[in-house]
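Student: Next come the chains, spelled out residue by residue.
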Amino acid sequence: MTQRQVYLDHNSTTPLHPEVAKTLTEAMTVFGNPSSMHAFGRQAKGMVNEARERVASFIGALPEEVIFVGSGSEGNNTVLSILGCAATGCSCDRVHKPHIVTTAIEHPCILETSKCLTGRGSKVTYLGVDEYGKIDLKELRDSITEQTGVVSVMMANNEIGTLQDVREAARIAHEKGALFHTDAVQAFGKIPINVHDLGVDFLTASAHKIYGPKGVGALYVRRGVQFCPLIHGGHQERGRRAGTENTLGIVGMGKSVEMRSLEMADEAARITSLRQTLKAGIEERIPDVWFNGHPTDTLQSTLNVSFAGAEGESILLYLDLEGIAVSTGSACASGSLDPSHVLMATGMPVERAHGSIRMSLGRGNTMQDVEYVLDKLPGIISRIREMSTVYGRK
Amino acid sequence: MSAHQSWAYTDIVKDHFMNPRNVLKDDDYQEDGKGMVGNVQCGDEMLVVIKVDKEKDVITDCKWKTYGCASAIASTSAMSEIVTGMPLDEAFNVGPKQIAAALGQLPENKIHCSVLGDKALRAAINDYYTRSGRPDKVIKEESRIICKCMNVTDHEIEEAVLEGARTFLDLQEKTKMSTVCGKCKDEAQTLLKVYMKKHFG
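Going down the list, the sequences are from chains Z and F.
Mapped onto the working numbering, the consecutive letters of the first sequence carry residue numbers 1 to 394.
Mapped onto the working numbering, the consecutive letters of the second sequence carry residue numbers 1001 to 1201.
Read the hints as simulated data drawn from the structure, not as lab findings.
Glycine is no exception: its CB is placed at the ideal position from the N, C-alpha and C atoms.
Careful, some of the hints might be misleading.
[Unchecked claim] Here are the simulated DSS-like cross-link-like pairs (lysine-lysine), alpha carbons at most 27 Å apart as the crow flies:
{"id": "1", "chain 1": "Z", "residue 1": "K115", "chain 2": "F", "residue 2": "K1176"}
{"id": "2", "chain 1": "F", "residue 1": "K1140", "chain 2": "Z", "residue 2": "K376"}
{"id": "3", "chain 1": "F", "residue 1": "K1119", "chain 2": "F", "residue 2": "K1148"}
{"id": "4", "chain 1": "F", "residue 1": "K1140", "chain 2": "F", "residue 2": "K1176"}
{"id": "5", "chain 1": "F", "residue 1": "K1183", "chain 2": "F", "residue 2": "K1119"}
{"id": "6", "chain 1": "F", "residue 1": "K1014", "chain 2": "Z", "residue 2": "K376"}
{"id": "7", "chain 1": "F", "residue 1": "K1137", "chain 2": "Z", "residue 2": "K115"}
{"id": "8", "chain 1": "Z", "residue 1": "K123", "chain 2": "F", "residue 2": "K1014"}
{"id": "9", "chain 1": "Z", "residue 1": "K123", "chain 2": "F", "residue 2": "K1119"}
{"id": "10", "chain 1": "Z", "residue 1": "K176", "chain 2": "Z", "residue 2": "K134"}
[Said to hold, decoys possible] Quick partial rundown of chain F residues pointing at chain Z, CB under 8 Å, derived from the structure:
{"id": "11", "residue": "P1020"}
{"id": "12", "residue": "E1045"}
{"id": "13", "residue": "G1068"}
{"id": "14", "residue": "G1104"}
[Claimed, not checked] Label-pair distances were calculated between CB atoms; the ranges are:
{"id": "15", "chain 1": "F", "residue 1": "Q1041", "chain 2": "Z", "residue 2": "T366", "range": "50 to 58 Å"}
{"id": "16", "chain 1": "F", "residue 1": "F1168", "chain 2": "Z", "residue 2": "H341", "range": "21 to 29 Å"}
{"id": "17", "chain 1": "F", "residue 1": "D1170", "chain 2": "Z", "residue 2": "H341", "range": "15 to 23 Å"}
{"id": "18", "chain 1": "F", "residue 1": "D1170", "chain 2": "Z", "residue 2": "T296", "range": "42 to 50 Å"}
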């Protein structure tokens, strides 16, 4: 018997788009170093340039404003490290303002980098969020000082899907003389992004969240913005990211972006309807649930829900036994005692964070998948609740 | 990909998780002793109730409820099987090591969950002694403050070891101990060795 497999963890990563897989297979034999002047090198360089143009035009940028990096994490590390550079007396002498303003709900690659930079003399302000995961723009304005080098606010949250008002946040940062970065890893390829319209100086994107290969991302750096590389030692990417180009990965990213530009709009409508059905079905069939995140300003592909009296890792594993893949904000799954920093930042009780799961939809999901989940989930929750010390206790 | 490939626990853990034994379902269960430990804020809470053959001081039935992860469910289920039919004195000494062994193995960072099952059982046994008018048999688990600045006990150090602390730095990070005056450092390092030996041989 083949068990039905329902993948609802697209915010973690996505399967390769078949068209991307085809392009990668064809490109596999191209081995030239894009830096070489001969025909082999020129062929590779041509493919990298084509991918760069695709990524650039997808976000309304110039090709020269796009740097290919090894991951979203690398892109984010690179932007924040511009400040570390000043603090450690780097000879590039670019940025002298050692204060970072970011949010409490960023991805760990922003939070951990910020923590590391604090040890090297930078100062970091973490903006809190409201119960829906939104930052307060007034608090942002008040936090930016003359010493603020960069403001970094994620576009869409990976756990709860909440969208921030990036355009307004960027405007405030510029008004007060700071540069603005947005981690758009979750938003990129799901909602339309135009860097000029948003007015950002830096933007991070990743390929594997949009049906492209792992190990490649893109960092947008607005023309004219001062920049110090994180990885030194080569002229690749106009001297902004040393290391021989991951040609295959870059080609894959280019193709995945091309497919996004063709499919994104139709898919968004379909996914919105899947999410609505999933949400309504859970509400209807399972008592004592809470939906986490913003009711309207959210990625339509992300549904984060907490179940009273049920612990997230148990839910995840019972679902896994039914072939359904989700993730959880519970502490147990991470092997620490602390539940998701994002859910905790929204001020919810710890129990609600422990009882959360995140379902993230993608292009492969169908209404049958949603029905299958709605068929299995209620039984799993009531089974866990029957065992629970905290649910229905007299 | 089969579900089996993605399973992080042993088959025995999986079996207990899928078919938990001795779950307390009867709201009117007439227990002889009851113990509850942990709390939902930490992510795990366990309730253990026992029935005792009062002539022989032997556990005749052990039921439980838990709020927690797969490891918490499986370890409490396994423990309930281990201690049913066991004399109270022996059951009192069942520890996390024995429970983990019965499950094949548990990931190290999950062992703190199984520690809760046996703790709840000891609380239930003590409760039985109290209820049956033998308070002299109650064995209190005394804890000793090791770090006076941060008020950290030997029990907390043991917990930290069970949760994966392997070095003095880990202990400092997990418990915040020895981060002020530093006088307890030597004792902490000794205890670290003791608990490592106790739980991981």
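Student: Hint by hint, where does the structure go against what was stated? Just the numbers, ascending.
Tutor: 2, 5, 7, 8, 9, 14, 15
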